[in-house]
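Enquirer: Chains as they are written, first to last, in our numbering: chain C, 1 to 441; chain Y, 442 to 713; chain Z, 714 to 1506.
Be aware that a few hints might be false.
Unchecked claim - Okay, the calculated beta carbon distance ranges per label pair:
{"#": "1", "chain 1": "Z", "residue 1": "Pro789", "chain 2": "C", "residue 2": "Ala150", "range": "46 to 54 Å"}
{"#": "2", "chain 1": "Z", "residue 1": "Pro801", "chain 2": "C", "residue 2": "Ala208", "range": "24 to 32 Å"}
{"#": "3", "chain 1": "Y", "residue 1": "Lys540", "chain 2": "C", "residue 2": "Asn156", "range": "51 to 59 Å"}
{"#": "4", "chain 1": "C", "residue 1": "Ser423", "chain 2": "Z", "residue 2": "Phe944", "range": "45 to 53 Å"}
{"#": "5", "chain 1": "C", "residue 1": "Gly154", "chain 2": "Z", "residue 2": "Glu860", "range": "50 to 58 Å"}
{"#": "6", "chain 1": "Z", "residue 1": "Glu756", "chain 2": "Y", "residue 2": "Lys540", "range": "50 to 58 Å"}
{"#": "7", "chain 1": "Z", "residue 1": "Gln894", "chain 2": "C", "residue 2": "Gly154", "range": "36 to 44 Å"}
Unchecked claim - A few chain C positions that, by computed beta-carbon distances, are all more than 10 Å from chain Z:
{"#": "8", "residue": "Asp15"}
{"#": "9", "residue": "Met39"}
{"#": "10", "residue": "Asp50"}
{"#": "11", "residue": "Arg124"}
{"#": "12", "residue": "Arg255"}
{"#": "13", "residue": "Leu271"}
{"#": "14", "residue": "Leu301"}
{"#": "15", "residue": "Ala312"}
{"#": "16", "residue": "Thr404"}
{"#": "17", "residue": "Glu424"}
What the hints contain is simulated information worked out from the structure, not anything from laboratory work. Glycine included, each C-beta is placed from N, C-alpha and C at the ideal position.
One-letter residues, chain by chain:
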Amino acid sequence: MTDVLTPVLSKNWGDDRAWTLQAYEDQGGYQALTKALSMAPDDLVTLVKDSGLRGRGGAGFPTGMKWSFIPQDDSAAGNKPKYLVVNADESEPGTCKDIPLMMASPHTLVEGVIIAAHAIRAKRAFIYVRGEVLHVVRRLQAAVREAYAAGHLGSNIHGTGVDVDLMVHAGAGAYICGEETALLDSLEGRRGQPRLRPPFPAVEGLYACPTVINNVESIASVPSIVTGGIDWFGSMGTEKSKGYTLYSLSGHVKRPGQYEAPLGITLRELLELGGGMREGAELKFWTPGGSSTPILTAEHLDVPLDYEGVGAAGSMLGTKALQCFDQTTSVVRCVLRWTEFYKHESCGKCTPCREGTYWLVQVLQRLDQGQGQPGDIELLLDLCDNILGRAFCALGDGATSPITSAIQYFRDEFEAGMHTPSSELFPPVASTLFTPVGGAA
Amino acid sequence: MSLHDTTRDELREIAGRYPEARSALLPMLHLVQSVEGCVTVEGIETCAEILDLSAAEVSGVATFYTMYKRRPMGEHHVGVCTNTLCAVMGGDAIFERLKDHLEVGNDETTADGKISLEHIECNAACDFAPVMTVNWEFFDQQTPESAVELVDSLRAGEKVQSTRGATITSWRAAERVLAGFEDGLVDEGPAAAGPTLAGLEIAREKGWEAPAPGGGAGPRAANGADGAGGTKTAVATESPEQAAEEADTSRAESETKAAESPADTKGGGSDD
Amino acid sequence: MTIEATQGTAEAVELITLTIDGVEVSVPKGTLVIRAAELIGVEIPRFCDHPLLEPVGACRQCLVEVPDAGNGRGMPKPQASCTLEVAPGMVVQTQVTSEVADKAQQGTMEFLLVNHPLDCPVCDKGGECPLQNQAMSHGRGESRFVETKRTFPKPINVSEQILLDRERCVLCARCTRFSEQIAGDPFIELLERGPQQQVGIADDQPFHSYFSGNTIQICPVGALTSADYRFRSRPFDLVSTPSVAEHDACGSAIRVDHRRGKVMRRLAGDDPEVNEEWITDKDRFGFTWTAQDDRLRTPLVRNEDGELEPASWPAALAAAARGLAAADGVGVLTGGHLTAEDAFAYSKLARVVLGTNDIDFRARAHSEEEAAFLAAHVAATRLTVTYRDLEKAGSVLLVGLEPEDEAGAIFLRLRKASRNGLTVRSIAAHASRGLTKMNGELVATVPGQEAAALDAVQLEADSVILVGERLATSPGAYSAALRLAERSGARLAWVPRRAGDRGAVETGCLPSLLPGGRPVADAEARADLAAAWGVESLPSRVGRDTTQIVEDAAKNRLGALVVGGVEVDDLPDPARAREAIEAAFVVSLEVRENEVTRAADVVLPVAPPVEKAGTFVTWEGRLRPFDAVLSLPASLPDLRVLAGIAEEMGHDLGFRTVAEARAAITETGPWDGQRTAAPDAPVPGAVKLGKGDVVLETWRQMIDDGRGQDGQDKYRATARPAVLRANAATLQAAGIEPGGSATISNKTGSATFPAEVADLPDGVVWVPANSGTNLRSINAGHGTVVQLSGGNA
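Looking at chain C on its own, in the form it has when it is part of the complex (with noise of 0.2 Å):
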């Protein structure tokens, strides 16, 4: 049995200027990097497959298992430059894991690039970081620069022969661009709207070469296998979701933050750890994975946060992106607001994403305002169904999670947006951290 919480990425992030060069590599940083340069590529491909690595960006697919897709024979596509491109682009609602991460130990994710590129045989990598965290920027932009003064980036990387050059794009505003196929074309600078596939980018990505896109942690998670091996990691986690990672619990909870625990831990373990939920409060409902994960309630407090135990909950891992709402909070308020964020994001490409997130919007908003109509709320799902494996990617079919969820399992609350408003249910104003629970407005 391991620790309840098994800090590995986060193991340096309290240590005296943990972003440098210095303070990463006096911890050990980049030996990892050493190792893999010695190992064969195939061999980096094998380990990362046979740890159980998933990804983490929400999928959960086998990391490498994608790198294995990368075409290296003397195909025509074999024969193309290959590309890995880090998918920092985190904007799921209640997802903030990769920036903390990027903020406090971006070499941490520099040495998983090298490891990475060397692995699927890529010469060049980018990490496409969302440009509204500019501290992070500068801090991956530093990292990249002493990493290539120190001879871990560039041409003949510690004399192996290893060629791998790393760029980091700041791209501009689009949650979209969380999609793989859109940041593609957003790094090739198109907008951000997904593609079509087949093609995959496994073969033609990156201008139309074979690429790999991975998520922060998933690619950070790379050196700590290389180093710690497959036993090591698999020692961590439930049997289908191995290892180690990082849950971010926020909302209406004593102790908001990031813990890194083995797969499998579950929400009344994590909420223990901190204290529990806000003085007075209790949890009503909670997003396992972001917000595009169906919400749960307080009878799922003891599933497992793995790819299985969520799934089988009825909702997703995801993000591991746990948003914990307490009573005082309004569903229907909850819902509009994500729906609102869903339309504002709608890339426009198909016509259920963009036009059903804006009926969305519009049936919620008199819901919010206790102006519902009769037949709303089968309206509502019925909407959704329309949009649910119709929208040409998942942003469509995340915008609908919350909301068929929370009709699930707060009906009651939909109802009553027939006459009565969210405000006055659940004054707004006792939700805010601001506002002791019970306090008055």
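Add chains Y and Z to chain C, keeping to what the hints say.
Expert: For chains Y and Z alone, coordinates are given in the frame of chain C:
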């Protein structure tokens, strides 16, 4: 205002950093903003000329991303997160207070040209809610009162430091960093603070740590999830070969965005 | 059911068998489900899908259920059939058999209508609107949407000609994809995002594309309309007649929509062998030239006072006949706009009635070498190079031809092919916009030196050489092109500018060539034709060409001229031509008044193509017959008028109708005897330029001052600006600042343009041939040496 040769040279320099020049368009537009105060017609046309695109193509990109502004911006961009969690925790109240205090609406600039106020979407700092940004630097755990103080300091030209970042410069200076030109402020601010370290601190208190490399007990018990796999089949349960086909079939309609489940990753998967 | 691949019986096509709505169907590998379904008669509704655009899968209207992807497993979500390729054993259920597909489609339709204004009663598209039609056939009876619709200010101009109503737009991106993928003019783009996403242009850069009108036609709603056609008529009031465009040698299929004897609009026809589904804006909007105030409606005869006065047809024909019979020699100038049947009538009139070979269709710069080239290589050949051949070629070499301006359908075909890897090269002085859009390579050449450039080029045998009519001004170029073809095995085709040019060659409107490619100089050929025509003999002396006809008429060595469809300013020496038409007895057959009719002694109004049947012959040698669109009994084709003149002169042309003329052409048949030898003109040396001299590179821009575009001001406003291009050194030598005025001049006159820096060889400038100034009016053309100076002349 017109773009100086230095700016044009820098735009070309950015274009030269990428394997294909068009990739430079986003950072180039950031640079245009840093010089012009917004994305101007001239900026669009200059980018188009350098990248051999039509102005319409550049406009299509410039209007897609919310960080690109069509109207001149104030000296500082003040963002208030009003996405669900921050809104509920106080972001809505902060935003309302600032609108009143600054006498501006969303996406508007104060009469003195100092502050452009905007409600922003989730900025990946939910554990610090309610969150604000100034020129895309974090201002964590805000209240209406702290927000008013913050903007007043900014308007007064006082030195202001991000709660987890550097001394505030200006929106334009920030845009220049996003264009890829470092400003030397990287070493200001902490590595991490507050909630970021919550788990780490608890682990230290309790003496918890990850297993030592090479060691380790067996996998954690599945915690009652044994029967869970029944409803959705995870990719990982299948052989790698099979999964490869699943994930990269010629007919799978869509892979996944952030939150799609492994089962959905299979999507329209099928082997040929 | 099984279909064959649409082309090439020789190519083996792998067929895939799948089941759609319970019906088994076999289709070529790579076919999209949406098209496979069409083969069993199932039309899946769609908006973004267009067979000539890359699949995008954006509108989500064509969703189908796939219970078996061909591997025994179903796809969990409905699939967009416009992006889904067929697979062996695949099972597809469309809206016909699947409730899931039907609901998905209804759901998407409902979403599409959420923000659609439903202003069908006042929308141009109403009655022919895919959204309207499919909403009726696949949508709900009523919308559940009662909320607030998104609004935009009503239509905005994306160009002078094209208006965009963003409220109606369903964001299928057909227009933007067409502009980018087909035309290469990405001047309209999707802007903004989400529900605010909209089509738009950049500030200061309107949607100026030669092909912009196609976006109106493929728009599945009424979002894009033309300023000219807006609110003019309803589709159900229009009669549609297929026809062929008259503005270039491409032979593009068009559809002419008319109402009560008036053409309201023209659309692209669908002809996969020729123009696919696209036409140029010239072909689309250039139809009002026949309805201008200067249209000739009645015959005119010059009276004793020297004034032209209306006359009856019999009187006018008699006057024409009298004058021609009395003249000491008659020359015939036929221009390049005639149908093959009309051209045949001129050709036969010259030979049989007027007894002369003094006939030439080349109302432009021309050369003997060119005539020899046409006789040796072009006449009586058919389809030696086709549009499809261009797509399949290993490379295409352009010489003296600017397809984007001069042959739009060729340009689009080449661009399409270039996107699939075709290499296009151009022997020219600079890389034009068109060449750039084909990702082409420039073989930089000083105008007039094309022959030397051709001699230096290496080509593979699977290449195609396309030569333009400009080469007539480049000595040795045609000869060199033939040598290159011979040497490399590449195929060679001549691409003239005008719709009637190739037909004129085939029907013998040349001084050295009789119909069917029979050389005048070949006694056997003459005898063959005489026999076919039932005449004793044909004139044996090779005739005078356009220049000689004009020269001799001006000098009273030719007493009369029969002129059909010629603008004086197009002729090689307009000033001399003016003297000629003053001096000679002129019978002019024209649609509209012009300099020739004003100087003529007898003016005989003839029908424009829209009012008569006829045939254009494409650059490929493909016959493009068409019927009259408007039936106006008083509007006569040239051949009917010529038959009347012949009758008055005591001859029978043997036909009085288009059908009879067609039969006569068929009967005459092609010559299968000895062809004339290829020209072998020498390669000229470099031109030595004096101080201030420059060599002109020039061609006509598609949208220019040509009279065929009259009455279309909005279309004309989308023309490319008339500029002079030269390299910086050339401009500097003449003291010209970029953007400043530059003047070219010679002793005849001058023309002034704003100067623009471009990558041309030293001492070469490019100017448009007929934008602002018709260069021929100052005796200037491609390869001409002129003086370059700053400022205005």
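Enquirer: Go through the numbered hints given earlier and state which of them the structure violates, listing their numbers in rising order.
Expert: none
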